[in-house]
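Starting from the given sequences, assemble the full structure and let the hints guide the process.
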Amino acid sequence: MERIQSKRVYEDVEDTVSWTETKSGKFLVKSLYIALEAGGSSLFPSSFIWNVNVQPKMSFFAWEATWGKALTLDLVQKRGWVLANRCFMCLEKEENINHLLLHCSRTRALWELLFALFGVSWVLPFSVRETLLSWNGYFLGKNRKKVWRVAPLHIFWTVWKERNRLAFKDESLSIQRLKHSFILTLWAEAKLFIDDCPLTIANFIDWLGSK
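Numbering (my numbering), first residue to last: 384 to 594.
Some hints could be false.
Restricting the straight-line Cα-Cα distance to at most 27 angstroms, the calculated cross-link-like pairs of lysine-lysine (DSS-like) are [as the list claims (entries may be wrong)]:
hint, residue 1, residue 2
1, Lys574, Lys544
2, Lys529, Lys476
3, Lys452, Lys574
4, Lys525, Lys476
5, Lys452, Lys476
6, Lys440, Lys528
7, Lys529, Lys552
8, Lys461, Lys552
9, Lys552, Lys440
10, Lys528, Lys574
11, Lys440, Lys525
12, Lys409, Lys528
13, Lys544, Lys529
14, Lys440, Lys529
15, Lys476, Lys552
16, Lys440, Lys409
17, Lys452, Lys544
18, Lys440, Lys452
19, Lys552, Lys562
20, Lys525, Lys574
21, Lys574, Lys562
22, Lys476, Lys409
Using C-beta positions, here's what the derived DEER-type ranges look like [unchecked claim]:
hint, residue 1, residue 2, range
23, Asn519, Trp464, 23 to 29 angstroms
24, Asp589, Phe551, 33 to 39 angstroms
25, Leu582, Val465, 27 to 33 angstroms
26, His486, Gly408, 26 to 32 angstroms
27, Phe498, Ala467, 45 to 51 angstroms
28, His563, Lys452, 28 to 34 angstroms
29, Lys476, His563, 29 to 35 angstroms
30, Asp457, Asp589, 17 to 23 angstroms
Worth flagging that the hints you see were computed from the coordinates, not collected in a lab.
Don't be surprised by glycine CBs; every beta carbon is placed ideally from N, CA and C.
Following this line, the structure appears as structure tokens:
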């Protein structure tokens, strides 16, 4: 009651709805997620996921993956479906989000490609959340750091799309096509937020490895 009584009521002013989690008072999905996550005790890479240089669909999937909510086979089983659990990508291990996006032998090809392009050595943590929380690019220049920061979300999205293609279209996996899809998407998006981004994929690859 004290909070209500302390508020001033303006007469002859039309009532409006205001969202308190943004300065403008306008509701944004991103602000809702940040507000919800702020109430938890565990760290969450919100600013990393909701990056202005990443498409919303990629950010939303990364958010689902980080919370372990993406519908991988292990979650389907937990919902009561009786089915075999085998990773659609490698056909070797059981599928869960950390395996699929980080540790699958086929997915590793993308991570190894990324590290090779930037000329770095990197050990991936166990989980998606830990990976994003530990992902930094202090050793890179301003523009290359921007690409480095969005690269994990591009890998996640590339792998998820390929996983679904294999699951629902019963087609074979091509590592070369997977790599090309990742690089092409990363380059296309980089051109939107880097003014002097190389105009060809070949030059883009060379630029990523420059000092």
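Compare the distance between the alpha carbons of Lys528 and Lys574 with 27 angstroms, and conclude whether the hinted pair is satisfied. With Cα atoms ~14 angstroms apart, Lys528 and Lys574 stay inside 27 angstroms; holds.
Is 27 to 33 angstroms respected by the C-beta to C-beta distance linking Leu582 and Val465? Given a distance of about 52 angstroms, which is not inside 27 to 33 angstroms, the answer is violated.
So if I understand the rule, the pair passes when the alpha-carbon distance is 27 angstroms or less; does Lys574 with Lys544 pass? With a Cα-Cα distance of about 22 angstroms, the restraint between Lys574 and Lys544 holds, given a limit of 27 angstroms.
Holds or violated: are the alpha carbons of Lys440 and Lys528 at most 27 angstroms from each other? holds (22 angstroms)
Assess, step by step, whether the Cα of Lys440 is no farther than 27 angstroms from the Cα of Lys529, and give holds or violated. holds (18 angstroms)
With a cut-off of 27 angstroms on the C-alpha distance, tell me whether Lys452 and Lys544 pass. Status holds; Cα separation ~16 angstroms.
Please verify whether Lys529 and Lys552 have alpha carbons no more than 27 angstroms apart. violated (34 angstroms)
Pairwise hint evaluation, Lys409 against Lys476, where the allowed Cα distance is 27 angstroms at most: violated (45 angstroms)
Decide if the proposed pair is consistent with the structure: Lys544 and Lys529, CA atoms, cutoff 27 angstroms inclusive. holds (23 angstroms)
Against the 27 angstroms threshold, does the CA-CA distance of Lys409 and Lys528 hold or violate the hint? Answer violated: Lys409 to Lys528 is near 31 angstroms, above 27 angstroms.
Holds or violated: Lys452 to Lys476, with C-alpha atoms at most 27 angstroms apart: Holds: Lys452 and Lys476 sit about 19 angstroms apart, inside 27 angstroms.
With a cut-off of 27 angstroms on the C-alpha distance, tell me whether Lys440 and Lys409 pass. holds (21 angstroms)
In the structure shown, a violation is registered for the earlier hints numbered 2, 3, 4, 7, 12, 22, 23, 25, 26, 27, 29, 30, in ascending order.
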